[in-house]
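A.B. asks: Here is how the chains run, residue by residue.
Protein chains: 2
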Amino acid sequence: MRLTLAFACAAAFAVTTPATAEEGMWTFDGVPTDAIRKAYGWAPDQQWLDRTQASAVRLTGGCSASFVSSEGLILTNHHCVISCLQNLSTADSDLVAGGFNPADRARERQCPGQQAEVVTSITDATADIQGAIGALTGAALVKARDARIAELESAGCTDRAKTRCQVVTLFGGGQYKLYQYRKYSDVRIAWAPEFQAAFFGGDPDNFNFPRYAMDAAFLRAYEDGKPVATPVHLKWNPRAPQAGEITFVVGNPGSTQRLLTETQREFQRSERLPLTLILQSEYRGRLLTKMQESPDKMREGGDELFGYENSFKANSGQFRALNDPAFTAKMAADEAALRERVRGDAAIGDPWTEIDQAVAARRNGYLDSVFLQGGPASYSTLAGYALTLVRAGAERGKPNSERLPGFTDSALPLTEKRLTDPVPTYQWMEQLGVEFWASKAREYLGTDNADIRALLGKESPEALAARLVSGTRLADPAYREQLWDGGAAAIAASDDPMIRFFVALDPRARAIKADFDRNYDAPVTAAQARLAKARFAAYGDKLYPDATFTLRLSYGQVKGWDERGKPVAPTTVMGGTYDRATGQAPYQLAKGFVDAESRIDKATVYDFVTTNDIIGGNSGSPVIARDGSVIGAAFDGNIHSLGGNFGYDGTLNRTVVVSTAAVQQALETIWPAPALVAELAGKRGRR
Amino acid sequence: MRLTLAFACAAAFAVTTPATAEEGMWTFDGVPTDAIRKAYGWAPDQQWLDRTQASAVRLTGGCSASFVSSEGLILTNHHCVISCLQNLSTADSDLVAGGFNPADRARERQCPGQQAEVVTSITDATADIQGAIGALTGAALVKARDARIAELESAGCTDRAKTRCQVVTLFGGGQYKLYQYRKYSDVRIAWAPEFQAAFFGGDPDNFNFPRYAMDAAFLRAYEDGKPVATPVHLKWNPRAPQAGEITFVVGNPGSTQRLLTETQREFQRSERLPLTLILQSEYRGRLLTKMQESPDKMREGGDELFGYENSFKANSGQFRALNDPAFTAKMAADEAALRERVRGDAAIGDPWTEIDQAVAARRNGYLDSVFLQGGPASYSTLAGYALTLVRAGAERGKPNSERLPGFTDSALPLTEKRLTDPVPTYQWMEQLGVEFWASKAREYLGTDNADIRALLGKESPEALAARLVSGTRLADPAYREQLWDGGAAAIAASDDPMIRFFVALDPRARAIKADFDRNYDAPVTAAQARLAKARFAAYGDKLYPDATFTLRLSYGQVKGWDERGKPVAPTTVMGGTYDRATGQAPYQLAKGFVDAESRIDKATVYDFVTTNDIIGGNSGSPVIARDGSVIGAAFDGNIHSLGGNFGYDGTLNRTVVVSTAAVQQALETIWPAPALVAELAGKRGRR
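As you go down the protein sequences, you meet chains Z and V in turn.
Under the numbering used here, read the first sequence as residues 40 to 726, first letter to last.
Under the numbering used here, read the second sequence as residues 40 to 726, first letter to last.
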């Protein structure tokens with residue numbers, strides 16, 4: 040798939056029933072070593088797990104990664120660094136198309152907005168937060184919970200320059216855990232192949248296998264201007280994977296929804312997924328047609344387009360899964376069994392019916408929340424800045440425990456970094472985005488809707504977009520910093536049209552969130568806490584929580600699958616690229632592949648598949664062998680894995696990985712980087 | 040909605056249960072006069088019905104209309120003539136934007152591809168065709184049925200210059216009727232308002248009410264270069280509608296699906312509608328972005344864009360309806376009741392299960408049929424020509440009874456007219472269409488699909504589109520005529536790349552149709568014939584057949600509705616346009632409205648709503664008062680009416696009509712046409 044975490048996830052839910060073999064995204068304090076040993080005759084010990092956890096990196100852009108040298112070198116996917124490459128590119132120097140291979144370490148370049156984080160501790164906070172919630176309901180429940188979370192996060196990480204704390208809600212409120220991270224906010228790009236090699240086959244091959252993609256790149260973490268020392272890291276192991284060998288994927292799956300109730304799944308199937316797919320399709324059509332106007336636009340829009348196409352395909356797969364009776368029947372049966380089991384249990388009550396009512400409320404407010412909660416911020420970087428600034432102006436004056444998530448003490452540093460890091464924006468894309476938002480908001484809410492009348496007045500979507508985008512100064516990082524530093528007073532005094540637009544929208548957006556908190560979040564949190572109890576009672580600790588973009592371990596093996604009766608081999612070789620190439624996009628050969636054809640060992644394993652259970656956010660995750668060494672970077676799932684949002688099917692779901700063997704070929708032969716080769720081999724890199 | 044028949048309809052189905060009050064699209068040989076009399080104390084007599092039938096016009100472009108003078112003058116909607124106006128426009132003379140108001144009748148201009156048809160007789164052919172089918176199944180059933188239909192049509196209308204015969208399948212095969220039409224293949228545009236008045240409010244207001252749209256136009260039927268004499272016609276009655284007065288809508292509803300079985304509806308909800316919406320959205324985004332490149336493209340793409348937006352909105356409404364549990368519960372209950380009623384009846388058997396199996400087969404073949412049955416013809420006029428020519432080359436050499444529908448003796452004249460009438464095409468739109476088709480076909484079927492490999496070879500979608508569109512000569516009507524006349528030999532000899540592409544596709548497309556015939560059409564036809572029997576037995580003759588783009592009568596009344604507790608008045612007035620205008624698209628005033636503001640009687644009723652049961656294809660239908668006079672032209676439904684494809688809800692569904700009173704104002708005051716005013720008043724028009 041390109042397993043980037045595409046969208047911020049909503050609440051997290053627990054799984055209904057015990058995991059089947061190889062199913063599960065396990066937290067590091069709950070790895071099922073017995074089950075692993077039973078399946079493979081061996082399981083990792085605590086030392087193995089500790090080393091791996093200390094080597095695993097979360098990238099705040101929505102990806103996973105790992106340290107692979109003692110000098111802060113990070114392995115991840117190319118598609119996890121593409122927005123960095125795009126931000127650093129100019130008309131004269133296209134780092135996406137041409138790749139990035141600096142002559143020495145001094146030329147490694149900082150990625151705007153990127154931060155690397157390593158888990159240093161996990162503490163249980165369940166009793167603490169459930170105590171703060173007590174018997175509260177509605178808005179008071181949400182307020183008390185969020186306030187206590189803000190306090191715990193603030194108290195847990197006082198050194199905000201180097202640490203970050205996050206309370207993670209597991210099992211929908213059945214557990215709360217405080218994660219502490221060591222953070223590195225200076226992350227630089229160290230090496231990237233040509234786009235055409237990284238994303239060979241483009242959207243058509245995305246989520247498919249066999250595959251021929253060099254979807255790998257290297258970053259490096261810096262601090263005080265110097266590479267970070269990382270004595271604990273994964274050993275680089277450029278060997279071919281063996282069919283049947285055990286593999287671990289360690290990374291940050293973003294969000295799964297394996298325990299929606301039937302009603303919640305029906306909401307996904309009938310409302311959220313179709314609307315999302317339809318909006319994404321039109322935006323995709325607008326964007327790619329606009330890009331065709333010039334080579335500059337083609338370059339500038341690339342990352343945005345690929346992101347939409349990827350997310351569209353992932354959502355399509357989810358939609359297909361929920362429309363597959365065979366797939367959904369099992370989930371329905373699981374729910375019925377659990378309901379039967381707890382019938383009449385007063386401590387559990389009837390959480391399903393409570394959730395039904397919450398979903399009904401959500402249906403009523405859904406279009407408002409889609410179009411008005413963030414306004415055009417989903418489609419425009421500049422609008423996103425305005426949203427953050429207007430919110431920050433109001434929130435930062437409040438006590439920590441009363442602020443919106445994203446503006447608490449623990450969250451502010453990353454929010455500020457993302458706001459103020461210099462990133463190029465493009466007028467045409469910004470205009471396209473705001474115009475699209477305005478035209479769809481009017482289409483779905485209606486011309487006579489009071490909010491639309493208030494926001495658009497007599498302006499057309501086109502005129503509104505032109506006025507906001509051409510009039511705003513938010514493209515200038517200095518101006519953003521000035522408004523951030525100036526706080527509420529600066530916002531009030533600003534005549535920037537984008538700021539004024541969000542000032543006008545803000546009360547309505549807050550009211551929509553308040554409705555959501557009261558009518559959906561609160562009752563679902565309360566109901567899910569009891570559902571979790573029911574599940575723990577029924578299935579013990581053989582449960583893993585839904586994904587929450589926090590560190591998880593999945594085990595599996597190198598293995599193909601049967602596609603409609605035909606076996607799909609688990610590996611491809613680099614020579615296969617030449618057979619698949621057509622000379623036309625997206626199947627042209629990268630220049631490096633053309634030039635190096637005679638020198639490339641065509642029998643080298645290129646990409647491979649494993650049975651690991653993964654999802655968006657796992658992109659860049661190291662694929663680790665039994666001996667703790669890294670043999671690949673997960674970058675995709677096969678088409679069947681898309682249903683993995685709702686459930687795992689080990690006969691079909693596969694993780695797609697680029698092998699370290701292929702990356703080694705790339706570093707040695709195609710886009711030579713001898714210093715990196717030496718560093719990966721454990722020799723000291725050259726400064 | 041803009042009630043154009045957007046897409047050719049598939050099979051037709053009967054309704055399950057007796058019609059509720061005002062529900063129903065009744066054939067002229069089955070008008071429920073007792074029910075009408077019961078509801079309104081009066082019902083039309085045979086003379087009334089005969090006059091109305093003789094005045095009712097079907098436009099082969101997918102609309103309805105009526106004769107409103109003795110000299111062949113036809114009232115319809117503006118949106119039914121927009122493609123004619125577009126075809127006749129040039130960069131210097133934009134008849135869409137500026138409207139069309141010829142100084143005299145000699146300047147009325149022929150609409151390419153348009154044909155007007157009036158029903159002259161309806162004959163029952165049920166026994167005949169069911170006899171031909173006998174006990175056949177599978178492909179043999181379809182072949183026998185279609186052969187007998189071709190024979191009956193051919194024998195029924197020997198004068199193919201002036202008549203056309205069509206066998207209509209009603210109740211899914213429960214009835215067959217032979218319709219004879221008098222046809223007029225020279226139809227000219229006589230008057231059209233400015234686009235901005237006709238479609239004021241554009242897509243945002245489409246399917247909504249209150250409404251301010253002059254969606255009316257006049258055509259005139261010609262024969263031998265002279266206007267056709269139409270002594271029988273509807274009396275023009277430019278008075279305001281009265282709340283509560285009875286209204287008849289007489290026209291050609293295109294297609295309803297009120298008796299899909301549960302399984303068929305689920306196929307619509309989970310497969311057909313979402314895929315259609317997603318494809319339409321992306322195409323819409325591509326097209327409108329391309330149009331923004333220049334005023335020429337804006338003009339050239341207009342009709343196509345509006346067609347897509349309209350169809351998208353109609354499909355959205357259907358999708359919403361099928362996801363509304365309250366809406367679908369009734370249909371499920373009806374099916375369950377009928378199943379219960381016929382349980383154990385050997386003559387009925389279990390048609391539902393037979394249909395389930397047919398739907399399963401259709402699911403398997405669905406993507407193939409969407410992308411390969413007609414190839415790029417759905418998105419490209421030139422591709423459509425190639426498809427017709429390649430098919431015609433093969434079919435015309437066969438005996439009449441063995442040809443594909445569309446190429447039988449009775450169908451050939453219109454097929455030829457549509458192929459050879461000169462219509463402008465635009466390279467950029469053609470390329471856009473073929474490129475879109477190729478890129479989506481590859482996306483959905485997969486790069487490694489055998490058909491995709493065969494059709495695309497190593498070409499990208501962009502390269503394929505460029506080669507086909509820039510290389511084809513099919514934009515030249517003379518070349519099309521030459522290939523038509525030359526038949527199979529000319530097709531075989533042609534090196535036109537578009538022709539060659541369809542020659543390559545044709546065997547696969549035929550195989551897909553054969554699969555569909557065998558695995559879906561045949562079993563569903565057989566099952567539906569027994570379902571119809573079950574329904575006739577249960578509910579007698581109080582049933583109306585699903586819509587089939589043939590003449591129907593619907594009765595109702597002028598009446599508003601309650602929208603979430605607030606009453607919506609049934610009428611708007613012309614002055615309301617000025618209040619709603621914003622100065623920006625799509626809410627700018629038409630020039631005529633600006634210039635004539637002081638002279639327009641602002642209290643004139645503009646648009647109004649009625650409870651008539653209508654659907655796409657009804658666009659342009661006369662709205663007829665008790666005395667047989669015409670008081671408006673139906674052009675839309677409200678948003679609730681979109682569920683009307685599956686069922687009618689009289690409390691909410693409304694037909695939207697432009698009043699003859701408003702059209703009279705337009706003809707007198709805004710875009711003066713004194714000759715038409717005189718003609719409509721029954722005075723002889725000036726030659």
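Do not rely on the hints blindly, as some may be mistaken.
Note that identical chains are pooled: a pair holds if it fits in a single copy or bridges any two copies.
To be verified - Straight-line distance between alpha carbons at most 27 Å, and here's what the computed BS3-like set of lysine-lysine pairs gives: (1) K641 <-> K479; (2) K605 <-> K497; (3) K77 <-> K605; (4) K437 <-> K630; (5) K336 <-> K479; (6) K456 <-> K572; (7) K605 <-> K479; (8) K497 <-> K336; (9) K572 <-> K479; (10) K605 <-> K182; (11) K581 <-> K182; (12) K497 <-> K630; (13) K641 <-> K497; (14) K336 <-> K369; (15) K552 <-> K182; (16) K274 <-> K497; (17) K552 <-> K437; (18) K581 <-> K479; (19) K497 <-> K456; (20) K598 <-> K274; (21) K479 <-> K456; (22) K630 <-> K641.
If you are wondering where the hints come from, they were derived from the structure by calculation, not from laboratory data.
A.B. asks: At most 27 Å between C-alpha atoms: does K605 with K497 qualify within a copy, between copies, both, or neither?
C.D. replies: between (60 Å within a copy, 25 Å between copies)
A.B. asks: At 27 Å max between alpha carbons, let me know whether K437 reaches K630 within a copy, between copies, both or neither.
C.D. replies: neither (55 Å within a copy, 54 Å between copies)
A.B. asks: Is it within, between, both, or neither for K274 and K497, if the alpha carbons may be no more than 27 Å apart?
C.D. replies: neither (62 Å within a copy, 41 Å between copies)
A.B. asks: Given identical chains, is K552 near K182, meaning Cα to Cα at most 27 Å, within a copy, between copies, both, or neither?
C.D. replies: within (12 Å within a copy, 60 Å between copies)
A.B. asks: Between copies, within a copy, both or neither: which fits K605 and K479 at Cα up to 27 Å?
C.D. replies: Classified as between: cross-chain Cα gap 25 Å, same-chain 44 Å, threshold 27 Å.
A.B. asks: Can you tell me if K581 and K182 fall within 27 Å by alpha carbon in one copy, between copies, both or neither?
C.D. replies: This pair counts as neither: shortest intra-copy Cα distance 32 Å, inter-copy 60 Å.
A.B. asks: One pair to classify: K605 and K182, alpha carbons no more than 27 Å apart. Within, between, both, or neither?
C.D. replies: neither (54 Å within a copy, 36 Å between copies)
A.B. asks: Is it within a copy, between copies, both, or neither that the alpha carbon of K336 lies no farther than 27 Å from that of K369?
C.D. replies: Answer is neither; intra-copy 47 Å and inter-copy 52 Å both fail.
A.B. asks: Is it within, between, both or neither when you check K497 against K456 at 27 Å Cα-Cα?
C.D. replies: neither (37 Å within a copy, 46 Å between copies)
A.B. asks: Which holds for K497 with K630 at a C-alpha limit of 27 Å: within a copy, between copies, both or neither?
C.D. replies: Only across copies: K497 and K630 sit 19 Å apart there, 52 Å inside one copy, limit 27 Å.
A.B. asks: Go through the copies and call it for K598 and K274: within, between, both or neither, with a Cα cutoff of 27 Å.
C.D. replies: Classified as within: same-chain Cα gap 23 Å, cross-chain 77 Å, threshold 27 Å.
A.B. asks: From the Cα coordinates, with 27 Å as the cut-off, is the pair K572 and K479 best called within, between, both, or neither?
C.D. replies: neither (42 Å within a copy, 46 Å between copies)
Of the numbered hints listed earlier, those contradicted by the structure are 1, 3, 4, 6, 9, 10, 11, 14, 16, 18, 19, 21.
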